[in-house]
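Chains as they are written, first to last, in UniProt numbering: chain R, 1 to 371; chain C, 1 to 384.
Honestly, the hints are just simulated from the structure, not real lab data.
Hints may be right or wrong, so weigh each one.
Listed below are the simulated DSBU-like cross-link pairs for lysine-lysine, each with C-alpha atoms no more than 35 Å apart in a straight line [to be verified]:
1) C:K251 with R:K198
2) R:K198 with C:K335
3) C:K251 with R:K150
4) R:K309 with C:K53
5) R:K290 with C:K335
6) R:K51 with R:K116
7) C:K83 with R:K359
8) R:K127 with R:K290
9) C:K291 with R:K350
10) R:K152 with C:K248
11) R:K150 with C:K291
12) C:K53 with R:K359
13) C:K193 with R:K198
14) C:K248 with R:K350
15) C:K341 with R:K309
16) R:K350 with C:K193
17) R:K127 with R:K35
18) C:K291 with R:K309
19) R:K309 with R:K179
20) R:K344 with R:K152
21) C:K251 with R:K179
22) C:K291 with R:K290
23) C:K83 with R:K124
24) R:K35 with R:K290
25) R:K124 with C:K248
26) R:K359 with R:K198
27) C:K193 with C:K83
Just a sample of chain R residues kept apart from chain C, beta carbon distances all over 10 Å, derived [stated by the list, open to error]:
28) I10
29) H217
30) Q249
31) G250
32) L362
Here are the in silico distance ranges between beta carbons for each label pair [stated by the list, open to error]:
33) C:H36 with R:K277: 50 to 56 Å
34) C:L184 with R:P308: 16 to 22 Å
35) R:A279 with C:H36: 50 to 56 Å
36) R:P308 with C:R355: 37 to 43 Å
37) R:D69 with C:R355: 50 to 56 Å
38) R:R148 with C:P123: 16 to 22 Å
39) C:Q72 with R:V347: 39 to 45 Å
40) C:Q72 with R:P308: 37 to 43 Å
Because the structure is a prediction, the values reported are computed rather than measured.
Think of the CB as a built atom: it goes at the ideal place given N, C-alpha and C, for glycine as much as any other residue.
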Amino acid sequence: MSSSRFEPSIIKNKQKREEIARKNRKAKSQQKLQKRLAQAKLEANDPAVKKKRLAENVPRTLDNMREFDPSILTADPNAAGPSSSQDQVDEAAADIASDPFASYFTSTDDPSIPPKVLITTSPKASKATYEFCDELVGVFPGAEFIRRKKGKGFEMGRIAGWAAGRDYKHLLVVNEDMKKPNAITLVHLPNGPSAYFKLTSVELTKQIFGHARATPHHPELVLNGFVTRLGHAVGRMFQTTFPPLPEFQGRQVVTLHNQRDFLFFRRHRYAFRSTEKVALQEIGPRFTLKLRWLKKGIPAVLNYGEAPKPLTFDVDPFEVEEKDVKEKEPPVDGTIDSASEPRKPVVPPKADEYLWAWKPELETTRRTFFL
Amino acid sequence: MHRFLAGDELGNIKAICYNPNAAQGEDKTTTTTINHGAQHAIHVLALGSTSEKPQLLAAGFSDGSATALSLQDLDVSEVHRWKETRLRDGHRYIGLETSERGIFSCTSNGAMRLTSLKNDPEPMPPQLSALPTRLQAWRMSPNQESFTYGGDEVEVSVWDTERAFFPRPESTGSENKKRKRDTLFPGEIWRGKNVQNDHLGLRQPLRITSLTYLAPSSASHHLAAGTELGHVHRYDTRTARRPVSNWKVGKMSGIKALEKGMLEHELFVSDNGNSLFALDLRNGHIAYGYKGLSGAVASIAPSPSILASACLDRYVRIHSTFPLPQQAGQQQGRKGEVLDKVYMKSTPTVIVWDRAVKQVPVAVPEDDDVWETMETADGNSDEE
Chain R
1 MSSSRFEPSI IKNKQKREEI ARKNRKAKSQ QKLQKRLAQA KLEANDPAVK KKRLAENVPR
61 TLDNMREFDP SILTADPNAA GPSSSQDQVD EAAADIASDP FASYFTSTDD PSIPPKVLIT
121 TSPKASKATY EFCDELVGVF PGAEFIRRKK GKGFEMGRIA GWAAGRDYKH LLVVNEDMKK
181 PNAITLVHLP NGPSAYFKLT SVELTKQIFG HARATPHHPE LVLNGFVTRL GHAVGRMFQT
241 TFPPLPEFQG RQVVTLHNQR DFLFFRRHRY AFRSTEKVAL QEIGPRFTLK LRWLKKGIPA
301 VLNYGEAPKP LTFDVDPFEV EEKDVKEKEP PVDGTIDSAS EPRKPVVPPK ADEYLWAWKP
361 ELETTRRTFF L
Chain C
1 MHRFLAGDEL GNIKAICYNP NAAQGEDKTT TTTINHGAQH AIHVLALGST SEKPQLLAAG
61 FSDGSATALS LQDLDVSEVH RWKETRLRDG HRYIGLETSE RGIFSCTSNG AMRLTSLKND
121 PEPMPPQLSA LPTRLQAWRM SPNQESFTYG GDEVEVSVWD TERAFFPRPE STGSENKKRK
181 RDTLFPGEIW RGKNVQNDHL GLRQPLRITS LTYLAPSSAS HHLAAGTELG HVHRYDTRTA
241 RRPVSNWKVG KMSGIKALEK GMLEHELFVS DNGNSLFALD LRNGHIAYGY KGLSGAVASI
301 APSPSILASA CLDRYVRIHS TFPLPQQAGQ QQGRKGEVLD KVYMKSTPTV IVWDRAVKQV
361 PVAVPEDDDV WETMETADGN SDEE
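Just chain R, with the same shape it has in the complex (with noise of 0.2 Å):
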């Protein structure tokens, strides 16, 4: 095209200027179905043209141009030269082998026990969400819906170590803000760590058209996108919240999908139509989470009214070295006796630790993602 391009818009009679810029417009589409057309014709002779356009022709998308994260658990791809040494790559496997979920990885317990799950809501919580966490209910297989009690002395961290003490191994709170549901915790039992999202686009699974029904059966998971170690922390904890062995009869599969850092929950059926044909049909609920803060125990009860206790000492001050290994002796010989013996009750935390906490100004651009 010229410089001097002719532009319809300075023609000042309407019909005119209307009747050149549909013309103009006409033969611009059909200049560009030609060009495809010629396109898929020499495409049709020669697939590796295809190919070569495919290969180059890649969208520039937020997520494909993610800013690399020291944190992202594979190597650097724009990185010189191999700098991840052996001695690295074990050291963040021994880490990973050490968090506070690798007891359910490591455990010989039989995998198809669904982990226990304590669901409730906020205090004073509305239809809205008892409907939502119904649905949770029937998604999680070992899940449980109490009743947030009413009055004092029901703190999270409270409802946490008497959950704890029931052998249970997440606690999920629904809270809820306008009647409406608007946030998740996760906390993981016995000793955390507690994670918050933000809950959004909440969908249940008589709001989608043309939904599955759910069976009992416990689903397989998909855990798609963690790549940074808070996303495997965030996707391990999700992990634990299922039994470790699905029943493959029920072909229903719980997926969490994570694309710049929201977690989509998505819950399917699959129907193997031929051979080669899967279908799916979607069974419900939908929702959108969003990770706000994590925290490293479970979560704290801030009693500041309680009364003070007196200075008191716990040590001997002059243990003689050798009686002290003797009296450290007796539990050891007696491990029937420690076994057999009642837990120590869990005792919430008196302050919160951040492990991670979202802040407006840690996205320093758009490309940066942390799960």
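Once you've looked at the hints, dock chain C against the given chain R.
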């Protein structure tokens, strides 16, 4: 070139070298693992003075064991290993300090210990002492004549290091109850007092989480303490038992770490949320905060001109520091920022500066006489 040593949750000790003049394309910060741990988290780390070579490095682990290492550049060799048998379940090491007499250690249930490293002619038994339980912070003064502790419903208290290890007479128990609460233990020099009740007349809970010496001398002690309510208390043992100033600093939650900077009137404060501030000790105002931290800063290591922090989001960050304005309340000229951050494969729990100054023109307050001069300067500002 600045070097810091960091301990992590897997028990590794790593050397972090920061070289501001690194060539383009090279990493300014390099990390080397100098000691591989055995899965027990390091809770405390202490480094001996630079005058002796090799330098002494001590570390306390979560299982109650502790180790003394000799550090020569990046090579370490174990000198001594011991275990604190009095450490109970649910408690941890809260303080460690190296000295010429040995290594002082303290746990949160009050088991204090001086482990001697001299082996000739035969190994000396450790000296033991008992402090109150529920401690959360323990610090030794730079001249090592006294130490201080504080904790959950445990007042800030200053003890004489020598006398803490003397045998204590059995308490008679027949004294007046009210008096008994205020009487000092043998070896205790001074004990603080909780802040006044609030405007509703309610008692403020006393939860000291961190402590540091500000301007130590043998005559009086200036201390700063952080609390779980997010306050920073400044104590002057000469003036009063109650804090001489009480500043609200923590934004999201309580104070986690507290460290006096190398420059005058400077105090670095981190909270359990995700902020790290430089505080002006003259008026308690935040001079500047550092940006881009996403987890709680567990440990701060100031050095001349730069600062290193170990954060629970698995990063060790190198920060710049700038002198505070000449007079309190004036505008802060330049604000500190994060110069570099290194991802640690496992969560760093504690970080210390190795006290060796290489190619840094700034004079370092290292000896006691330098501390003395700083004390008088502080004293002047108090009188104003």
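Against the structure, the hints come out as follows:
no.: 1; hint: C:K251 with R:K198; in the structure: 21 Å, holds
no.: 2; hint: R:K198 with C:K335; in the structure: 33 Å, holds
no.: 3; hint: C:K251 with R:K150; in the structure: 30 Å, holds
no.: 4; hint: R:K309 with C:K53; in the structure: 46 Å, violated
no.: 5; hint: R:K290 with C:K335; in the structure: 32 Å, holds
no.: 6; hint: R:K51 with R:K116; in the structure: 50 Å, violated
no.: 7; hint: C:K83 with R:K359; in the structure: 42 Å, violated
no.: 8; hint: R:K127 with R:K290; in the structure: 23 Å, holds
no.: 9; hint: C:K291 with R:K350; in the structure: 27 Å, holds
no.: 10; hint: R:K152 with C:K248; in the structure: 28 Å, holds
no.: 11; hint: R:K150 with C:K291; in the structure: 41 Å, violated
no.: 12; hint: C:K53 with R:K359; in the structure: 45 Å, violated
no.: 13; hint: C:K193 with R:K198; in the structure: 42 Å, violated
no.: 14; hint: C:K248 with R:K350; in the structure: 19 Å, holds
no.: 15; hint: C:K341 with R:K309; in the structure: 42 Å, violated
no.: 16; hint: R:K350 with C:K193; in the structure: 21 Å, holds
no.: 17; hint: R:K127 with R:K35; in the structure: 57 Å, violated
no.: 18; hint: C:K291 with R:K309; in the structure: 39 Å, violated
no.: 19; hint: R:K309 with R:K179; in the structure: 41 Å, violated
no.: 20; hint: R:K344 with R:K152; in the structure: 24 Å, holds
no.: 21; hint: C:K251 with R:K179; in the structure: 29 Å, holds
no.: 22; hint: C:K291 with R:K290; in the structure: 22 Å, holds
no.: 23; hint: C:K83 with R:K124; in the structure: 51 Å, violated
no.: 24; hint: R:K35 with R:K290; in the structure: 44 Å, violated
no.: 25; hint: R:K124 with C:K248; in the structure: 33 Å, holds
no.: 26; hint: R:K359 with R:K198; in the structure: 13 Å, holds
no.: 27; hint: C:K193 with C:K83; in the structure: 34 Å, holds
no.: 28; hint: I10; in the structure: 51 Å, holds
no.: 29; hint: H217; in the structure: 38 Å, holds
no.: 30; hint: Q249; in the structure: 40 Å, holds
no.: 31; hint: G250; in the structure: 38 Å, holds
no.: 32; hint: L362; in the structure: 6 Å, violated
no.: 33; hint: C:H36 with R:K277: 50 to 56 Å; in the structure: 53 Å, holds
no.: 34; hint: C:L184 with R:P308: 16 to 22 Å; in the structure: 18 Å, holds
no.: 35; hint: R:A279 with C:H36: 50 to 56 Å; in the structure: 52 Å, holds
no.: 36; hint: R:P308 with C:R355: 37 to 43 Å; in the structure: 39 Å, holds
no.: 37; hint: R:D69 with C:R355: 50 to 56 Å; in the structure: 32 Å, violated
no.: 38; hint: R:R148 with C:P123: 16 to 22 Å; in the structure: 59 Å, violated
no.: 39; hint: C:Q72 with R:V347: 39 to 45 Å; in the structure: 44 Å, holds
no.: 40; hint: C:Q72 with R:P308: 37 to 43 Å; in the structure: 49 Å, violated
Of the hints listed earlier, those the structure fails to meet are numbers 4, 6, 7, 11, 12, 13, 15, 17, 18, 19, 23, 24, 32, 37, 38 and 40, in rising order.
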